[in-house]
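I would like the entire structure built from these sequences, with the hints used as guidance.
Number of protein chains: 2
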Amino acid sequence: MKVIMMMAMTLDGKIAKSSDHFPDWTSKEDKKLFAKTSKEAGVVIMGDKTFFTFPAPLKERLNVVFSLEEKPKVIEGVKWVKGEPEIVVKELEGLGYKSAILGGGAFINGLFLEHKLINEIWITVEPKLFGDGLPLFRGDFDVDLKLNSAEKINDNSVVLKYEVLY
Amino acid sequence: MKVIMMMAMTLDGKIAKSSDHFPDWTSKEDKKLFAKTSKEAGVVIMGDKTFFTFPAPLKERLNVVFSLEEKPKVIEGVKWVKGEPEIVVKELEGLGYKSAILGGGAFINGLFLEHKLINEIWITVEPKLFGDGLPLFRGDFDVDLKLNSAEKINDNSVVLKYEVLY
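Protein chains in written order, with my numbering: chain A, 1 to 166; chain B, 1 to 166.
The reader is advised that the hints may include incorrect statements.
Copies of the same chain are indistinguishable here, so a pair counts whether it falls within one copy or spans any two.
Claimed, not checked - Below are the EDC-like pairs computed for lysine to aspartate or glutamate, each with C-alpha atoms no more than 16 Å apart in a straight line: (1) Lys17 x Asp144; (2) Lys39 x Glu60; (3) Lys2 x Glu93; (4) Lys98 x Glu84; (5) Lys90 x Glu163; (6) Lys161 x Glu151; (7) Lys17 x Asp142; (8) Lys116 x Asp155; (9) Lys73 x Glu120; (10) Lys82 x Glu29; (11) Lys17 x Asp140; (12) Lys2 x Glu91.
The set of hints was computed from the structure by calculation and includes no laboratory data. Computed from a predicted model, the values in this text were never measured in an experiment.
If you want it as structure tokens, here you go:
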């Protein structure tokens, strides 16, 4: 299964000011690209902090949410998971998904990168600077990428698509 | 005087793994762009940690280096400065410079952004991920940018140029 990490970030590489910061600063073109691509995949993997910044689960997609809670609340459209990310990916493969979108936050992105489970990274660079804030990845890496495309999606936002070379 | 901040960063917004990390991971096209643009300006402003990652002062340019040292060592081609960045910029204007390149690191970049002294930002996004590392800016901001151009300078590196909207 192909895992595509899709994130919007400020030019200085921040995905939010803090973990409860709702992404109201991203462009509508980015939101459209995320909605279209993730609906095609049918599944979005994320951490519970990211999930709880949304007003409701993402519609028309399975929300696969990593949580350390013992008994997380049953919510329609949400599959709570924990433990090794390989096992989660295998399980999604078993359910017939051909690709999945990884949607943050920094800790879950870092976990998937560390386990070499991210195949592609699509970043929307938004015309903003936050300075201090949450990074794309937690963890210590030195990973090379191959640029597949660089494309403007509006006057000020650029989407960069890469393959990850482990 | 126009101040252009020029930095190479990883896709995840890091300018180095640590403050003594020499930028040997950036592309030769980025190095050429920096050399050409900064020689045209004639002056590069930076912090002393950044300066001391270089084997020698940048040639054919005035190296304006912020330092907290009381009596920094006299080095040919280096002008040691401290205090308010506005005064340093005014002094360079007085010397006849029309533009200056701001070249890091994170602390000095943040200082200049806080004082609204950066007019343009040119970022080379290199095809790498570092995870933990030094950010573009230290400090807490919410600054908007206007994209002027997005251009590939080789197969895998993209230069994004912005105006800063304070």
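Structure versus earlier hints - violations, ascending order: 4, 5, 8, 9, 10
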